[in-house]
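There are 2 protein chains.
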Amino acid sequence: MIDHETLQDAVANRRAEALTFDGLEYARLLEPVNHYPRGSVVLPDGSIIPGYPAIGRIQSLEAGLPRQFDQPFWAEEKIDGFNVRILRWHGRIYAFSRGGYVCAFSTDRVTDFMDPVIFDAEPDLILCAEIAGPDTPYLEGSTPRVAHDVGLFVFDLMRLGQPGFVPQPEKFSLIEHHALPPAPLHGQFTPHDTQALGQLIRRLDEEGAEGLVLKTVDGQHRAKYVTGSSCISDIRVCSEQLLDLPPEYFTNRLTRLAIFLSEHPSRHHTDLEQILGDALLSGLYGAVGQHRRQGHVGHRYRCRFRERANALHFMNHMRATGGRHVAFADDAPRQEDGYWLLEFDRQFDRITGTLASALAGERQYD
Amino acid sequence: MIDHETLQDAVANRRAEALTFDGLEYARLLEPVNHYPRGSVVLPDGSIIPGYPAIGRIQSLEAGLPRQFDQPFWAEEKIDGFNVRILRWHGRIYAFSRGGYVCAFSTDRVTDFMDPVIFDAEPDLILCAEIAGPDTPYLEGSTPRVAHDVGLFVFDLMRLGQPGFVPQPEKFSLIEHHALPPAPLHGQFTPHDTQALGQLIRRLDEEGAEGLVLKTVDGQHRAKYVTGSSCISDIRVCSEQLLDLPPEYFTNRLTRLAIFLSEHPSRHHTDLEQILGDALLSGLYGAVGQHRRQGHVGHRYRCRFRERANALHFMNHMRATGGRHVAFADDAPRQEDGYWLLEFDRQFDRITGTLASALAGERQYD
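Chains E and F are the protein sequences, given in the same order. When we follow our numbering, the leftmost residue of the first sequence carries the number 1, and every step to the right adds one. When we follow our numbering, the leftmost residue of the second sequence carries the number 367, and every step to the right adds one.
Simulated from the structure, these hints should not be mistaken for lab results. What you are looking at is a predicted structure, and each value in this text was computed from that prediction instead of being measured. Just so you know, not all the hints are guaranteed correct.
As the list claims (entries may be wrong) - Okay, the calculated beta carbon distance ranges per label pair:
id, chain 1, residue 1, chain 2, residue 2, range
1, E, Ala54, F, Thr687, 36 to 42 Å
2, E, Val217, F, Gly719, 29 to 35 Å
3, F, Gln730, E, Gly208, 21 to 27 Å
4, F, Leu551, E, Arg324, 45 to 51 Å
5, F, Asp375, E, Gly295, 48 to 54 Å
6, F, Gly719, E, Ala147, 37 to 43 Å
7, F, Leu551, E, Glu207, 53 to 59 Å
8, F, Gln554, E, Thr270, 43 to 49 Å
9, F, Gln554, E, Gly295, 33 to 39 Å
Unchecked claim - Computed footprint of chain E on chain F; a stretch qualifies when at least three of its residues, placed anywhere within it, have a C-beta under 8 Å from a C-beta of chain E:
id, segment
10, 429-441
11, 449-455
12, 483-490
13, 649-658
The beta carbon of each residue, even a glycine, is placed where N, CA and C say it ideally should be.
Using the sequences and the hints given, assemble the complete structure.
Following this line, the structure appears as structure tokens:
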């Protein structure tokens, strides 16, 4: 709980932001308040959806498993999408983004993939899930686990106002009982199962999957480990934004890839260098080509909504947070196959500016 | 000229640094003083070796030539090395680095490549030159123009205390008359010679050369233009330092490469992506391997001196500026083929630290 006065103070000190979504008045934490981490959400009665904590990354199975675990753990697949927390509040389903905003897109779509009747039996449950696929409004890439539109993958359960996660056995049982769509489960391992986990991660690497999240049985102790191919596909989908993302986005993934290949040399296939070079250059060629054609560099996103009102909520949110960088079509959203389809472009300013100057023949000092 | 009092003030305000090299008391400018740029050198009588100015880069020949030039210009080859200014002062030859230090290595070696008798005829002359080759103490890469050891390439002349450069005709005549080793000269062009310059740069790209510096006849107006292959070779020689260099080192070169290839599509040969991917990964594999073997990542440099005393000056300078990152062999410098050979390792801290943590199985939050 965070009481009204504490929240008012936090808002005044810019540790929290007061927001409204379609009549729901809530706040998101920008900094920790009462030990709740940033990204936590304060509901109208002061109850809290805890922020989803960052999961530490290991880059070596051989060294990392014995160092990070002293008990068995589950290996769950990490899906490359965006993280939402889903709950029912006063009869309505809401999905909150990692930062603590109501996500109008996810709020609109999650009931396509899960039956909200679960909240009759478990009214204080919070589903932590990944939304992934080719048609999201936030991501340039997709996952091999979703062929079209989007999918939902539940990987954790929390309870309103309670710290920590629901333990794994209870989580599996609730997921099964209520037919929730789970993140793929790859079995239980011990810290000595380096070989078996190595085989598993090499198979996931071959399939283009992102990687694994390892979780102890009580659900509290975690580590993630990603595939080399996910590093390359991250680079591929973002190379058109090379100058707009923090450059560490690229250097971290290159370093991770080199460590992954040094631990799994059999995954260093003959055309890997070619694939990496292409991942970097294809987006940049595309950016130069876009700039020559249309004078700027951007990316086209598409996603679809069940309710027109949610599409409009989403557009307002993007206009408020993305400003002039986001451009919607004049007729957006338009009806298609029973949904409201929204397409929009996001412009990348720094690469647009650098290419503008370079292609105009200006002199640059670096 | 900078008078004694002005210099004392500048030193007190950290706009200049007072230094000594083997009895020569001089100062280098850390910030502009009396309109002399940073990197300028103040000699004991107050006369000034002007700092070598940065040359603006164009990334498009087609747009850049007409935009930057309204008169004919010379195309001189840009050599991938380090920039020195050479002069004689009270009977001794000194070579100063871009930052304004006496470079003990260059000071020792330049007379291997030029006859100092030129300073009898032209006592106020300053030679601006590139030192390049596999055996320099500063660079990880080399140039195809020098097969072994180092070479000297004179590309500009200045006169002590005078702003600007000696005009091109006088420069060419002095270079020829005194048999100075010039940077390769590729002819004179007009701003409309996009095609001829395109052919030239594509040939240089194929040869692995760095690029061109274009200079008007009066020597004052300049622009540089580099090849795509030089971007790749820069990435290759520095990928083992991926986390220690500013990440823009890599992102700028990738962007430049994409623009180069879009303007010279015939240079986009079929194995270019493979070569780029290998340029990035081979250094990183090497770094991981080095870390597994020896617990840190570094680079081995080698260079040779005529005089043992200069090698010792150089070692003192490196110890003072490079600190614990630089390690010389116990027997350094040692005699070899009539020279004093110096070998040393420089450690890269950030990639060493990141790999230490990753290979020890620690959890990382990014």
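Q | Which numbered hints fail | A | 11, 12
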